[in-house]
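Asker: The residues making up each chain are set out below.
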Amino acid sequence: MASVHATISEPLILGDKSPGQVTDDVCSSLERGPHVSWWIALTVSSSMLLLGLVAVVYQVLTGIGTWGLNNTVGWAFDITNFVFWIGIGHAGTLISAVLFLFRQKWRTSVNRAAEAMTIIAVICAGIYPLIHMGRPWLAHWMMPYPNTRGPLWINFRSPLVWDFFAISTYFTISFVFWYLGLVPDLATLRDRLARGWRKTVAGFLSLGWNGSFRTWFHYETVYLLLAGLATPLVISVHTIVSWDFATSVIPGWHTTILPPYFVAGAIFSGMSMVLTLMLIARKTMRLEDYITERHVGAMCKLLIATGGMVTMAYATEFVTAMYSNNQYEQFAFINRAKGPLCWAYWIMVSCNVLSPQLLWFKWVRSNMAIVFAVTILINIGMWFERFVIIVTSLHRDYLPSNWTGYVPTSIEIATLVGSFGLFLTLFLLFCRFVPVIAIAEVKGVLNHGKKPH
Amino acid sequence: MTLKHGAFNLSDRTYGLFKWFAILGVVTFGLGLLLAPQRALSSFLLVNIGLLGMGLGAALFIAFQYVCGAHWAVALRRVPEAMCGILPWAAGGIVITLLAGKSLYPWTSEHAVGMKGVILSYPFVLARTIVFLAIWLLLIRAIVRRSRLQDQNGDASLSASNTRLSALFLVVFGLTFWMACFDWVMSLEPEWYSTMYGVYHFAGLFLGALAAMVLLVVWLHRVGPLRHVLTEEHLHDIGKLLFGFSTFWMYIWFSEYMLIWYADFPEETGHFIRRLTGGWGPLFVANMVITWLLPFFILLPKSVKRNPNMLVKVACMILVGRWLDLYLLIYPSAVGHEVVTFGVVELGMAVGAPGLFMLIFIRSFRSFPPVPVSDPLLEASLHHHQ
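Heads up: the sequence lines are chains U and F, in that order.
Per my numbering, residue 32 is the first one in the first sequence, and the count goes up by one each step.
Per my numbering, residue 62 is the first one in the second sequence, and the count goes up by one each step.
Treat the hints loosely; a few may be bogus.
Unchecked claim - Simulated pairs of lysine-lysine, DSS-like, Cα-Cα distance not exceeding 27 Å:
# : chain 1 : residue 1 : chain 2 : residue 2
1 : F       : Lys177    : U       : Lys369
2 : U       : Lys136    : F       : Lys177
3 : U       : Lys136    : U       : Lys48
What the hints assert, rightly or not - Partner residues are not named here, just some residues of chain F that face chain U (Cβ under 7 Å, in silico):
# : residue
4 : Val156
5 : Gly175
6 : Lys177
7 : Pro184
8 : Val260
These aren't lab readings, by the way, just hints derived from the structure by calculation.
Every residue, glycine too, gets a C-beta built ideally from N, C-alpha and C.
Pulled out of the complex, with its shape left as it was, chain F reads as follows (with noise of 0.2 Å):
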């Protein structure tokens, strides 16, 4: 089989924007940790609580592919591949968090008691940190690994290895993904809990890594790459799948505030209030305009799922949701919620983020062939049609 793709045409300018991007996100970070610590290390947080959940998506897609034996999105699987790339520094950003961020985390002067203090213990919540990540680090490289080592043996049993690997993380990461949420984010605001936090934060990080993945595959489209690879179909294919988690996100944001709502139990609508007052009301109103309510009358139309004009606009106003969305979970505990603290450190390390994934991203794509040129599912993939 003849596999024609492209040539990478990047330009020096778009690398630099990125790097450019990155630089201010550190330089931001750096003022704002001598300026205002505590903004500085919320907005760290957040933004690496963002790059791992790209990270993840990308994993839990492609984890999703193998397990469910798909064909129709082989031939995009080293765009996901490459996302993971980003999961390491994030990783290592989250430990640095727990360890730097200490006065993020109430709990770790004021010790609560009882089973919290056992389980809200700092040794316990690092120690779960640490071993959490490096196992969903090991599985995950070792998938991607052997998508890449089959470029060069094309051993179809190595995919049946990845299939079973992905079984094995999908189940570790439905174990384990809630109780990092709670520790990392739900912690935040340690008198208060909600049983639906780790679903919501997967509905989150699997929504925005969709939408990751659409501007990603239509700019290597457009720059080389997958230019005679993606089509129409894959991207109507992707559309759906952003349509529907995000109104899966809806979903399970309306099922917790209802719920949380109906009830009234001060100990639980306290999170919602520090949300809807001092100036949070129409943020909040806005993550839920610009995640679901707008994303899904647009993207209902056939033509707009196969529209990438169409579709990248969707993904914009997502990830900037999915960044709003984070936001209104940590900062409102972390920083305050009297008044909405948004400036240049906020602003800065918000367009540093993604311009760091953006590098790391680059690196790492075109280390490997664009394609997973020995898959057995590629031919079917490079002609998947609806």
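If we strip away everything but chain U, and leave its shape as in the complex, we get (with noise of 0.2 Å):
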């Protein structure tokens, strides 16, 4: 049976690595100077943060009069990016915790890296609506306690409402089962790393970790039941962000299907950027043998499936708007691939649903090249998803003198390249400081394709 025993456990990691050598590995990126590609990468990064910092700055002090809202399209560029962001965190999720459900052991040489994206989405996400209120300062408005402000509560029958409450509680769980997984690689750091701040931090934050049975027993344990935490509130999250518009009586938006569809586009946009950031890592970072083919095709195959099931809400929606009969149903979708912002449905069609098929080819698959540019083009599509979803529900509206267009003024861009080098900056610093790879975990799969001594 040994060929068959090969069929259903070919190695995870590759080069026959023994323990230590994975712990040098991950480790001796951290402990070298960073590369000069780094210090390039960071400079860019950093620059765009701070155009973003000047751009919210500037609209925090004028007042939100600088975005190319209008009477008609009250919700546009803030949202987009909000829901998009966020999106992009679910990956992480899906693979840390979803994954870890499912006993996929692969994920084990992504799942840190995924984390981390989820963390630093979440915050990218987190900054529209603190923005959006207007008046940012007064964001703990949204916590429901008892007050001076008499009988003002928060309207807790609003969607955004539950938004502020799954956000955040989403966020604390993930980072919660990020550190949590961190602290054995931690303390591999303390061990491994000469006197200095840096072992100082270390062993901080280790929490005294000593690698005994018990100490790993109470670890597995939580992290089990953290992962069970975490399943059903990445989705809650996306649902109810998809209730921001599904609760709503406007055509387009109020569908049944956008729970479950806003769920599943989510990941296929977060998955779409853990590969696009996982390939540039596993080249610079020289991780081959850890973020092998096989994790590469099997996060292929999980985009040709979370994509299939976007593809399948696209056609649903279309489908029972022609059947409701309802004119301002029909419209709203007819407007949406033939009205004047139809180039964005077609951008969204033809990313989100042609350009996965390519992964269905195994050739195309092992080509990391064509792989990053499908899921560049995935990032592109699902953010014009949104835009999709968000602006030509409202930009025609049931008068037909209300109709106007929508364009993004140079604030909103300038906000949003911002937060795209935030993502990339904290990004850049996560691979610096931390082990991308959680390497505790890799250990236990080494020996994963191994023939049993």
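Join the two chains into one complex using the hints; note that each chain is given alone, in its own frame.
Answerer: In structure tokens, the structure reads:
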């Protein structure tokens, strides 16, 4: 049965590594000084961040009249970016929690980075509602606590408030989950580093980890419980984001399939962003033995699956609108495909529906350049999906005299650039200061595919 | 590799019981057609949607296993394969419902206008039905046949070709199933629509098929064929899926209900109002309680998912919930929402359907080795552990 054995368990990590080599491979890049390319990337991304910062300060001081919104299109760029970033975050939890529950061992090579990406993406997303409040210094009013503002409470019936609860809970759990997974690796760092501030910090954060059986037992119990908690949370987040739209009575927004459709779309976009980042990290940090063609292939298959779900939702929505015989529903969808913003719709369709179909072919999945190109297309397509849902459903409302267009202002674009800057800057810092690969977990799958002794 | 499994000790009494169930179903259907044709036809639709769901759910289970390259359930694969045996019968039943049960579908007499009129034109619906059913059946038959062929020649490439066919089936299913649900069930109330409808049906049918699989594997373990094959580890995994999809069903249910309740469009809320008034309310709540609330809390502990007796009880509850779910979807629309209609016809056919299902299942299961003996992943599946 040797050949059979090989078919079910090919090695997950190439190069026949010993546990010590894994530690060396992952930690050495942290202990070396950064490569010049890292500095270049950091300069570019932090400049983008700075641009965004200037734009944010300007719009907070001036007011959100600096945006391109108008009476008809009262929601556009800001919420598009918010939903985009929240969606990106979902893949991290899928990989770290859902795939953990499904015992997908290949996740160990990518879960750390994917979870870090989740946390960073949620931070990027959180900025938008904060700016949108107009007076971000009153953000704590979102919290329902006994206050001196009289009978003025938040509107518990608004999905925007549910968003606040869902996202803050999700962020907390994701962060705890990520940090918990880091503890054994931080202990490894603590033990390796020479005396200095980094050793002190790693020692403090590793919570006195001693690698005993008891410690591991507690660790694994909590890890499983957190995975079980994170799974419904991640679904709740994008479900509630979809309710921001679906609870309304706007044709094109009010459609019951939106919750699972948004969740699938979020995982689709997040998985493609993970792949984009991991393909770069794999190359630049020389992690080819850890993030192998098999890992990339598995993630590509997830892209096909979630892309298929999104496609199904597009088709269902369109046909149901026709079926409804409701002229406003029908118009909303025909206007997407044929109206003045149809270019955005067709970018969405070609990027999200057509481009993932390339991944059916094995030779495509093993060609990193093509996979990279496809993930970029999906990132673009999923941004446009939110833009299409939000703007094209609004810009031509019931009265043709209200019909307008929407063009983002330079301030809005600068804010988007800034959020990418924040995302990349934080990710680059993560790559420098934290083991990008879950060392302890990868050691657990080193024997995968080897003949039992 | 030597494979131990018990012989199929099926008593004549059990087999006879299933036979009598089936006969009871046919007789009540016949009587119903004479005495209360609308109820008999509605029940016939219910039964066929339910049975088709069992077959499709089983086929989806097989397809998921192939495309994921999963090994844990390979040893049990003959069970979902035999469950697919019901598909031609149920598919025939659906076509007969559409041909003979025009009275169920208001749009066949009062023709809709506009796009709805195009989508719900009788020849178009009938053609779609036949095309969808034919494609599903052909693909599923091809997959099951390859799996059985592998028993004889041990050709590993059949697994690869089944993986490809499974992926194709999943794509085809995803693109067509929701439309079929619109045609067969949603159009009982032609003025109402919900984009979630297909997803809701998928959640229900997969959950139902998983519950049926739990009952079947535990039963086959007890009567012989899966003895030495089925382990607690397998049960634990099916139990987890049961838990997960019960929750998924509730999620989809809630999302649909909540959005329609919140927006409060008269054209949408009617669907739920008809199911909350006139005595339907308690059933409406009971559906959630037995399909999700109780299974969720019972299945939470690990020990329950590894305990066949407990799993069987939960699976029975979920299957009753599955029937109730379809009853709530079909009856208020097709028979009338003023009063809850339940009597000999409904009961007889609800008992007859599992009887017929078991007769076909047993015949199909007995014709082939009880485990896929030459599947390259069998060994890993037999020794599967968490």
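Asker: Against each hint, give a clear statement of whether it holds in the structure.
Answerer: Verification of the hints:
{"no.": "1", "hint": "Lys177/F - Lys369/U", "in the structure": "holds (21 Å)"}
{"no.": "2", "hint": "Lys136/U - Lys177/F", "in the structure": "violated (48 Å)"}
{"no.": "3", "hint": "Lys136/U - Lys48/U", "in the structure": "holds (17 Å)"}
{"no.": "4", "hint": "Val156", "in the structure": "violated (22 Å)"}
{"no.": "5", "hint": "Gly175", "in the structure": "holds (5 Å)"}
{"no.": "6", "hint": "Lys177", "in the structure": "holds (4 Å)"}
{"no.": "7", "hint": "Pro184", "in the structure": "violated (17 Å)"}
{"no.": "8", "hint": "Val260", "in the structure": "holds (6 Å)"}
In summary, the structure is inconsistent with hints 2, 4, 7 from the numbered list given earlier, while agreeing with the others.
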